Structure formats: structure tokens, C-alpha cells
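Please work from the sequences and hints to get the whole structure.
Heads up: the protein sequence lines correspond to chains A and B, in order.
If you read the first sequence in my numbering, its first letter stands for residue 1, the second for the next number, and so on.
If you read the second sequence in my numbering, its first letter stands for residue 1001, the second for the next number, and so on.
No lab work stands behind these hints: they were computed from the structure.
Just so you know, these numbers come straight off a predicted model, no measurement behind them.
All C-beta atoms in this analysis are idealised placements derived from N, C-alpha and C, irrespective of residue type, glycine included.
The calculated lysine-lysine pairs, modelled on BS3-like cross-linking and capped at a C-alpha distance of 27 Å, are:
1. B:Lys1045 - B:Lys1132
2. B:Lys1177 - B:Lys1111
3. B:Lys1132 - A:Lys243
4. B:Lys1136 - A:Lys240
5. B:Lys1065 - B:Lys1136
6. B:Lys1132 - A:Lys240
7. B:Lys1187 - B:Lys1177
8. B:Lys1007 - B:Lys1065
9. B:Lys1187 - B:Lys1111
10. B:Lys1177 - B:Lys1132
11. B:Lys1111 - B:Lys1045
12. B:Lys1065 - B:Lys1132
13. B:Lys1073 - B:Lys1007
14. B:Lys1007 - A:Lys43
15. A:Lys243 - B:Lys1136
Covered stretches of chain B, going by a simulated chain A footprint (3 or more residues, C-beta under 8 Å):
16. 1009-1021
17. 1072-1078
18. 1141-1153
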Amino acid sequence: MENALIYMALAAVFGLFMAWGIGANDVANAMATSIGSRAITVKQALLVAGIFEFSGAVLAGGEVTSTIRKGIIDASSLGPTPELLVYGMLAALLSAGLWLLIASQRGWPVSTTHSIVGAIIGFAIVGIGVDSVQWGKVASIVGSWVASPLIAGIFAFLIFNSVQWLILSRPDPLERARRYVPFYIFLAVFMLSLVTMFKGLKHVGLELDVLECYIIAVACGIVVAVIGRFFIMRIQPNRKAEKRFSYFTVERVFAVLMVVTACAMAFAHGSNDVANAIGPVAAVISIAQEGALTQESPVSIWILLFGGLGIVIGLATFGRHVIATVGSKITHLTPSRGFAAELAAATTIVVASGTGIPISTTHTLVGAVLGVGMARGISAIDLGVVGRIFLSWFITIPAGAILAIIFFYILKLSFG
Amino acid sequence: MPNYISKMFGASPVAPMQEHMETCFKAARELVALFEHAIDGEWDKAVESRQRIVELEQEADELKKQIRGQLPKSLFMPVPREDLLNLLWAQDQIANKARDVSGLVIGRRMKIPIRLRQDFLNYVSRNADAAKKARKSVRELDELYETGFRGAEADFVEALVEELDQIENDTDEMQAKVREELFAIEKDLPPVDVMFLYRVIELTGEVGDMAERIGRRLELLLSH
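So this is what it looks like as C-alpha cells:
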């Protein structure tokens, strides 16, 4: 293909910029609950986010990247002009990046996922044709944008209710927290590793059967739960602090759990959101190399590594500032709440990642927080802000689409 | 980039509510000191007490406004906004009543008849006890939020409210007794003084009534 190298280089630059943006801004949303509840420090959050965003992206990011790359557009409709898809994917990256830049300066709550999906649909309709969009797939993605916060909310509601029932409503909450928190740790690790092994490890070249997956997931869960239990048992009751707030030590036990769910959240975010940056890159590269978007070839591990790296660079350069700002603002989300929200959100996101559905991490987490709120867990939630967050995607999709169409024609004119 | 997850949390009203209660209780406690000074005839000190009560009442008013301001209707809370505002109102009334009583006593340099003094002082401090128990109950508010208003913690607060009711019952009985004693000697006193004495007795009792009302409001929060 003519200009193949230029296309690939452009895709790499735009994709890296997008991944950098996700690392710099978006990760803060995922980590905010952990820092806000004082479970971990900003430094620890950066470290945790770096490691787990990266491994989430590499280990479990393949399916969603696949969807972005070739699930939304039917590549067979391209015929003899595969360049159109290259322009389109580059345009999608540019428009999503620009839209995020505009939105974040204006303070609008927008989702990376919504803007990239909107952009891809936009250029496909105008540049290739309405029939080129796999509408069935798009419908299921949009449906999941409604379903994912809802499911996470229900999860969070159930998890927090179980916490109240097992621990908080009892006369001996500390003993009970020590007894039951390791089980929640087990649950978190088990869910995450199971989904990852079912769906993710093919890209790393590991093939496991179902039974092996379950055995390894149980083993991982037990190992982390035992480590967690060690730390939990070391926590000494702080009588002085308990005089002011009698659940002080109980919350410190939950803080151990929250370190685990913070990792889970970073992993989940990496697994779903890395695709927003590198899905289009992957599409451009396979067209540039092979002249067509083949349905068979899986996403290369190198591209996933590339995306994960981009996120970590974003985190390292700007993440500290954003995470610190965010952390100082949330003070009323104690670990017993934060963990419930994070566990519910992370599970929902990882399952979506495993199924290859791009969803909004932020929306899912907001849904989970609302779920905890429904279980009377949070002293005050501003429904006005929640409404604005959910409404934002009605604007983001057409905005991403229109910008993508503009960039598409600019690129088509300059290369064609 | 502003973070939306952090923006969705409203400021928790719990700590300011507790601070407000603390302030109102201090006003009720100062009322006891004020009566002690008045009975001893130490009017300088009594005036100082009055000054402190006025300041505490103003401080409580400021806190009340601040709390109301941070509770817009768009907030989603584990308890109805109205119930919380009603609790706040009852707390605030304790400081208001203390201010009203102290104003009457200082303004008229009121003398408590000797035969009433001990029972009257007991009556005032029992009302302050009620306010203290109300404070203890409101101090459990953060624990109630933590537990989602149920379970062992809810039972504990329920028990506190019961104790509060007991104290309020005491104040009612003591009020009846003080009135009776005043009635027995009222013919020998200047009629206007007697009128205002009855008024002070009544107003002081309202401190206990308001403390009891705080208990009712807390029970309402538990029942949701």
C-alpha cells in the first residue's frame, strides 16, 4: 500500500496521544474512590495504577480492541479502497482526542469510549456508507451503555447490603470485619482472574481449559486473601480514634480490601479503555501491512503493550497532579463504601472487556456509587452532577461523529 | 480535567450538624451558670454568661444557615432532607430558648425567691441534662450514617433516646413542683415579678422539650 509507513506512523502518534490522555485524565476517575477514602496515598495510587492499568491493557484489552478495530465497521464493504478506513480511523482518533480536549477544558463530563465509538460510526456513515456500520453490534454497544451502570449499581447495592448485614449492623463489627473481609478479597481476585483467563490470555499465547481457569482463579483468590488476612490481623484497635468514631478500626480493615479493589479498578480500566486509543491504531496497522482488515488475525500483543505504555506515560506525567486534586475532594466515601463501589464496577467492566464491549468506566463507577447510595451508604450524592454525567453522552456521540467526518475529508483530500 | 466522580459527592451534613448541636448544648449549659450567678446576686458574672449565650446562639445560627445552604434539593441522601432539617431546627431551638430565658433574667435582674432556689436550680440543670443527652445522641449521627441507620448502632441510639425521654419526664415533674411552690408564695411577691417567673419557668422547660424533640427526630431517621 502506498504511504503505508506514513499511515502507521500517524496512527502510532495519534494513538499514543490518546493513550497518554487516558492515562493523564481518565485514570483519576478510576482511582478517585480509593484515594478519597484514604485507603492509599497518591504515590501508592500511581504505582498501583501504573502496574494494573498496564497489565489490564495487555492481558485483557484484546477483545475490546478487536471490537473497535473491526467490530463496528464491516470491512468487507470497503472493497477496493481500504485507504478509506485508514483515513477514517485516523480521523476517529483525532476527533476523539480533540473532543476530549475541548470537553475537559470546558469541564464537561465526557467519556473516551463514547467519543471514539461516535467518531467511528460518524466517519463510516458518511465516508463509506450507512450499510458499512454493523448496526446490530452498535445497538448492543449502546445498550450496554445503559446496562453497565445499572448492573454495576445492582451489584454494588447487593455487596454493600451484605457488608451491612454481615459486619456493620452487628454489635461486634471489628471481629466480623476481620473474619469476612478476606472473603471479599477472595471474591474480587477470583472474579478478575477468572474473566481475564477466559478471555484475555489467548493474546499472550496461553491456552487454558475451563477447569484450569477455575483452579487457577481460586488459587489466586486464596493467595491474595491470605496475604490480606495477614495485614488485617496486624491492625490494632485505635481506642483514642474510636472514641470519636467507633468504626475507625473497622474502616481500617476495609482499607486493606480497598487496596485490592483499587488494583481491580485500575486493571478493569486498562482492559476496557486501552482499546479506545489503540483499537483504531490496530485497524490502521493491519490495513497498512496487509492491505485489508482481516477478520481472523487477533490483535497483536505489541499493540497492546504500546497502548499500556501510553497510559502509564500519561499517568507518570500528569496523573499525579490530577489524582492528588481528586483525592482531596472526596472525603465522605469511607473504605467500606468505596470498596463496594469499586468491586461492583470493576467486575462489570472486566466482564464487558471479556465480551469485547466498550463501555464507559466512569459511567459504570457512577452507577456503582449510586447503588451504594441506594443502600443508604453515602451521606450525600448530588443528583444534578449525576444527571449531567449521564446526559453527556447524548452530546458526545454526535460531536465525535461530526468532528470525525471533518477530519476524514481533510485526510482524504491530503492523501487522496 | 475536573473529576466527575468526586464532583458527584455533596458535602456531608453530619459533622456540621454535630458541631451545631455542640454549640446549642453549650448555650443550655451556660444557662445553668447564669442562674447560679443570678441567685448568688453576682450580676456581673451573670451578664457575662448572658453574653456567652448570645454569642453561642449567633454561632449556632450561622452554622444552621451554612448547613441549610449545603443541602440543596438535588441531593440524594440516606435520610429525607426534611427530617434532617427538622432535626436541625429542634437543635437550634435549644440555643434560642436559652437566649430567651437569659434575656428575661438579665433584663429584669430577676430574683428567684429563696424557697424556690434549690428546686429551681435542680430544674434548670435537669433541662441542661436533657440537652446533654440530646448532644450524646446527635454525636452518634456519624455512626448511624456508617451503619446505614440499622442494626446494633440503631438500637443503641434508640436506647439513648429512651433515656432522653426519661430526663424530659423528670423536668416535667420538676416544673410542676416549682410552679406549685411559686403558687404557694405568689401572693407575697410583686405580681409582675410573679408573672415573669412563671414565664421563665415555662421557657426553661422548653429547653427540655426541644431536647426531647431531637430524640423524636432521631427516631424518625431510624424508622426509614
